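The residues making up each chain are set out below.
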Amino acid sequence: MTRTTEARGWALLEAVPDPEIPVLSVVDLGIVRAVEESDDGRSVQVTLTPTYSGCPATEVIMRDVRTALQASYDTVDVRTQLSPAWTTDWLSDKGRERLHGFGIAPPSGRTTLPLIDAGGPASCPRCGSSKVEELAGFGSTPCKALWRCTTCREPFDYMKVH
Amino acid sequence: MVSATSELLPLADGCLILSHRLSEWMSNAPTMEEDIALGNIALDLLGQARGLLQVIGDETGVTEDELAYFREPQEFRNPLICELPNGDFAFTMARQLFVDIWLAHVWSELAATASDEQVRGVAEKAIKENAYHRRHSSSWVVRLGDGTDESRRRMETATEALWPYRGEIADDRWYDAVDAALTEATLTMPPRDAWTQRSSLDGWHTEHLGYLLAEMQSLARAHPGATW
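As you go down the protein sequences, you meet chains L and D in turn. Note that the first sequence covers residues 7 to 168 in the numbering used here. Note that the second sequence covers residues 868 to 1095 in the numbering used here.
One chain only, chain L, in its complex shape (with noise of 0.2 Å):
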């Protein structure tokens, strides 16, 4: 096994995105655990960690890498692992920069548990303001939050620290 036939897998998957947050690829996200392929490098098993429990984007997400692979591979085994469990630390720093760009604002700071106080955005990804205030703790998907800028008054999701 080498890097660069290794680099293959990761590449195709650099190209799958995320179905809710379409300006995120899987590896943005964080969720790709390992590429392996077989040394005749017909064959490649991902290893995957979901998001959420109940995420049902989960589900999307494992067939869309499963086809993006088999334009590549004779066999493609496409594997969850659930411990440890994903955190948004994960999130690659190009997968913040574009959700900030999608107007999406990335979550501050690390995942420290209990998690009970894990505080908002930094910023509006709109104006950029750090006046912001919190509407509504669970938003259109499980990893959203509603928050509203007090200078421009747009309100905006945010993507939780989990």
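No lab work stands behind these hints, which were simulated from the structure alone. All values derive from a computational prediction rather than experimental measurement. Incorrect hints may have been included.
[Claimed, not checked] Negatives, chain D to chain L, calculated, CB over 10 Å:
hint, residue
1, S873
2, E874
3, S894
4, L910
5, G918
6, E926
7, Y936
8, E996
9, R1002
10, H1075
11, M1083
[Unchecked claim] Cβ pair distances, simulated, as ranges:
hint, chain 1, residue 1, chain 2, residue 2, range
12, L, R14, D, W1071, 54 to 64 Å
13, D, R1088, L, W16, 42 to 52 Å
14, D, Q1064, L, A17, 32 to 42 Å
15, D, E1074, L, R14, 24 to 34 Å
16, L, P120, D, L1068, 23 to 33 Å
17, D, D902, L, P23, 22 to 32 Å
Note that beta-carbon positions come from the ideal geometry of N, C-alpha and C, so glycine has one too.
Starting from the known structure of chain L, fit chain D onto it as the hints suggest.
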């Protein structure tokens, strides 16, 4: 090694049944934001239940769907509090806080001690989901308890009505946490030694579970063996 059926079933069933109850609020919650919040919490609980039912199913040779859709009420082990009808919003939030506090303790223990990797994984994930649920339910209990005369009356009524159903989830740690939350809400916790039900561990349920299952299981039972 925990014995899946005896130790995990109350937890798995509790998450499943409470998830179904919360889903009954969809399109009926007091505000759009609350509809979304309860939907999110229900979804997390459903995912947690599935993760555990898969483990239990693997141990007992059945699928998670068979466990969820083809068991009779007396085979369920969810704490009674999870199956109670939703009542008003105060009742739903007080119940949620009571169950969230129980789950917080259970998930922490499992994450630290479970030998089964899947159980540990479900628990590690659930700890973080539960933290957000608990933040939500406790803030509502404070807001309603320390709110208007009407909201306070409803929260007091809810707490009293729920109290005889704490049997399977209450221990010293639970009482301490509930006491702290209710004190913050300017409410008084009913006595720790007051009588309580705890019959679900023997498969005895309230009449409400049968009606809940009749709805939850109807599609799967009408089309046995069907898959998506």
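Going down the list of hints, with the structure as the test:
Non-interface status of D/S873 relative to chain L is upheld: no Cβ of that chain comes within 10 Å, the nearest being about 22 Å off. With a closest Cβ-Cβ approach of about 18 Å to chain L, D/E874 is found to remain outside the 10 Å limit, as its non-interface label requires. For D/S894, the shortest C-beta to C-beta distance to chain L comes to about 16 Å, beyond the 10 Å cut-off, and the non-interface label holds. With a minimum CB-CB distance of about 4 Å to chain L, D/L910 fails to clear the 10 Å threshold, and the non-interface call is violated.
Distance check for D/G918 against chain L: the nearest CB is about 6 Å away, which does not clear 10 Å, and the non-interface claim fails. The claim that D/E926 lies off the interface holds: its Cβ sits roughly 17 Å from the closest Cβ of chain L, which is beyond the 10 Å cut-off. Residue placement check: D/Y936 keeps its beta carbon more than 10 Å from all beta carbons of chain L (closest about 17 Å). Residue placement check: D/E996 does not keep its beta carbon more than 10 Å from all beta carbons of chain L (closest about 6 Å).
Non-interface call for D/R1002 relative to chain L: violated, since the shortest CB-CB distance, roughly 6 Å, does not exceed 10 Å. Here D/H1075 stays apart from chain L, with its beta-carbon at least about 23 Å from theirs, past the 10 Å limit. Annotated as non-interface, D/M1083 keeps its C-beta farther than 10 Å from every C-beta of chain L; the closest such distance is 16 Å. Between L/R14 and D/W1071 the CB atoms are about 58 Å apart, so this pair conforms to the stated range of 54 to 64 Å.
The hint said 42 to 52 Å for the Cβ distance between D/R1088 and L/W16, and at roughly 45 Å that hint holds. For the hinted restraint 32 to 42 Å between D/Q1064 and L/A17, the CB-CB distance of approximately 58 Å leaves it violated. Checking the proposed 24 to 34 Å range against D/E1074 and L/R14 shows it is violated: the Cβ atoms sit about 60 Å from each other. Checked against the given bound of 23 to 33 Å, the beta carbons of L/P120 and D/L1068, roughly 28 Å apart, stay inside it.
D/D902 and L/P23 have their C-beta atoms about 28 Å apart, which keeps the hinted 22 to 32 Å range intact.
Checked against the numbered hints above, the structure breaks hints 4, 5, 8, 9, 14, 15 and satisfies the rest.
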